[in-house]
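Visitor: One-letter residues, chain by chain:
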Amino acid sequence: MLRVDGVTKRYGDVLACDRVSFDVGAGELFGFVGGNGAGKTTTMRIVLGVLAPDAGEVRFRGAPVDHAARRRFGYLPEERGLYPRMRVLDQLVYLAELHGADTNAAHRAAEQWVARLGLREHRDTEVQRLSLGNQQRVQLAAALVHDPLLLVLDEPFSGLDPLAVDVLVEVLREQAAAGVPVVFSSHQLDLVERLCDRVGIIKGGRVVAGGTVAQLRAGSGSTLVVDAPAAPAGWAAGLAGVTVLGVHNGQTRLRVAPGTDDQPILAAALATGPVRGFTHQHPSLAELYRDAVGVDSR
Amino acid sequence: MSPRHTVWLVARRELRTRLRAKSFLIGTAVSIAVLIGFVLMQSTLFGGERVTRVGLSGQAAAISGPLTEEARARGIDVVVSTVRDPAAGESAIADGDLDALVTGTPAALHVVVDESLDENLRRALNSLVQQEVLRAQLATVEDLDPDQVLATVGDATVDVRSLRAPDPTHDERLAMALVIVALLYLSLLLYGTMVAQGVVEEKSSRVVEILLATVRPWELLAGKVVGLGLVGLAQLTVVGGVGVVLAAVTDVLTIPGVALGTLLWGLLWYLLGYLFYATVFAAAGSLVSRQEETQSVLLPITSVLVLAFVMGFGLLSRLPNASATAVLSVLPPFAPILLPGRLALGTATAWEVVVAIVLMLTSVAGLTWLAGRIYAKAVLRTGPRLPLREALRKS
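These protein sequence lines map, in sequence, to chains Z and V.
Here the first sequence is numbered in this note's numbering, starting from 1 and rising by one per residue.
Here the second sequence is numbered in this note's numbering, starting from 299 and rising by one per residue.
A few of these clues could be false.
Unchecked claim - Every beta carbon over 10 Å from chain Z, so not counted as near; a handful from chain V, in silico: (1) Arg311; (2) Val328; (3) Ala390; (4) Gly394; (5) Leu436; (6) Thr450; (7) Asp469; (8) Ser503; (9) Val506; (10) Ala511; (11) Pro598; (12) Ala624; (13) Thr680; (14) Leu684.
Claimed, not checked - Coverage of chain Z stretches by chain V, computed from C-beta distances (three or more under 8 Å per stretch; other residues unrestricted): (15) 225-238; (16) 274-283.
Hints were generated in silico from the structure; no laboratory data involved.
Glycine included, every Cβ here is placed at the ideal spot set by N, Cα and C.
Using the sequences plus the hints, can you model the full thing?
Guide: Set out below in structure tokens:
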């Protein structure tokens, strides 16, 4: 459905996007992960046509994206923005109409999303008088109100309370189930892991890893949790293919490189005293992300 | 969806937002009040001190000293100059560079004026002539009949010739001209500033990002300009219409037809002037990201409007027939304020209006193109004020 193909954007000496490519299929939730300044926002702005790429192109349903196609996209920008002095419902109706909805459909959709996102009592309130959390909900409604064919959400979870996060997760799953491709970025990697079908990891303007979380895991080794209460600090330091992630309550978390035999690790642990637990875990997305961007933070 | 529909949607939002706001009603009421106060103040100001420029030609040059003294005694401010060629003097009067040309002998002065001679000056000149005649009578000492001397002296007055028939409606026309100048100045300044503030509001609130994901920059700009322009047009029509009706009903104006014509010309020139200034205001607004920076970036544009306004008042009331006034009133940055004033006075010719409209439309086309480019380039840039040079650079 959505194909980003070799998109490149340069700001002076900074290469914000370096041949960024990825695909998002119909009904797929695609998580876009990367540090601050990695190029996520620039890529999304290019998809929405807010910025023009220096090279590469964006295709939707097989055709290069033009103005008419972009009208049907839904966008939640990283820097939130609404008319501060406009009332919630008026604002949503206006945005729906700008996206091509006729007046009746715009009113219906605005009312529906106001109710769905729990904003009914605020429908006639000026946006600037709402709490920050409620402003976020209005912003979300603004991305959804015209029944978009593609959703691009930049950090949609930031600033949401836990209840709103649940509502958003539900909405995104629902949209995907209806066949809408959803691209979103987030720093909350546990959420991305829980929600996304596929993940793209971007660093320094380049996509450094991509695929389903299971694909990323394959060939990335595993995480080993060793419960050896009597073990001295640094007991696992010299072992081949092993990186110590951290020690907590006598439990040592180890990153084991792919193809490493785990028995020497067990032997080393037993040499320190009793071993009460020895468990392989799937690496979390957060750990995979650190592998991919090459930052050893723990 | 057609671009025209998009532009209309944007314009309609501006219309609804502004017309619904209390500030629109308050603003309209305040404009009417300011307008009334302004006219009252101006009529007293202009009635007061002003300099009368008198040109003396031929033998009349001899009265230079006595005239200055006589005028000072009567409390009128007179600047006396010598004119060699009476014909040149007359054309100076037609151009408004001189107020009166005095020729003839001191005992039989002839005065040429544009429309009418200032009463104080007339008395001063009469007194000079009478002194001269009296002196001549006293020189012929034999057969002095006091009654006849008095009669002769009493009959001696200056001979006044007007280049044009005095216009009894001149004062009313001048008042209307000043009112329309003030109204146009206020409207252009207010709604131009509103366009800039609207652009900055969209930038500072970052709403422009989701707007530009669905609307082209020129559609957003055009919608904003059209919407606010219509609000301004509505306000000007209401204020002007109320003014004309009130003036006609209360018999303040004896020429309601001219007043209506002035208002209609004013509305046309509001539209032309608004198109000229609004896109420039928008482009300037797009250079900054915060409301606090707006005033500084608008200063060059508001200065031009203030200049046009100040010149309009000065030129229309003092030099309505000067060729400088005519030239300035045709030039695009000043025409929307000056020309309607001259039309109210009845001093603008048809070809001047045509030239002004053609010049105006040409510059509107050029400015819209330039301002649209600056806007499209600058509107998504946040952070410090964007230098104009950078906004104009090709991407």
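Visitor: Could you run down the list of hints and mark each one as holding or not?
Guide: Verification of the hints:
1. Arg311: At roughly 6 Å from the nearest Cβ of chain Z, V:Arg311 sits no farther out than 10 Å, so the non-interface label is violated.
2. Val328: 21 Å, holds
3. Ala390: 57 Å, holds
4. Gly394: With a cut-off of 10 Å, V:Gly394 remains clear of chain Z, as the shortest Cβ separation is near 50 Å.
5. Leu436: 85 Å, holds
6. Thr450: Since the minimum Cβ distance to chain Z is about 81 Å, V:Thr450 lies beyond 10 Å and the statement holds.
7. Asp469: About 45 Å separates V:Asp469 from the closest Cβ of chain Z, which puts it past 10 Å; holds.
8. Ser503: Contrary to the label, V:Ser503 does not stay out of reach of chain Z, its closest Cβ about 5 Å off (not over 10 Å).
9. Val506: 7 Å, violated
10. Ala511: Label violated. Min Cβ-Cβ 4 Å, cutoff 10 Å.
11. Pro598: Fine: 28 Å to the nearest Cβ keeps V:Pro598 off the interface.
12. Ala624: Answer for V:Ala624: holds, closest chain Z Cβ roughly 45 Å.
13. Thr680: 8 Å, violated
14. Leu684: About 14 Å separates V:Leu684 from the closest Cβ of chain Z, which puts it past 10 Å; holds.
15. 225-238: violated (count 0)
16. 274-283: violated (count 0)
Comparing the model with each earlier hint shows violations of hints 1, 8, 9, 10, 13, 15 and 16; every other hint is respected.
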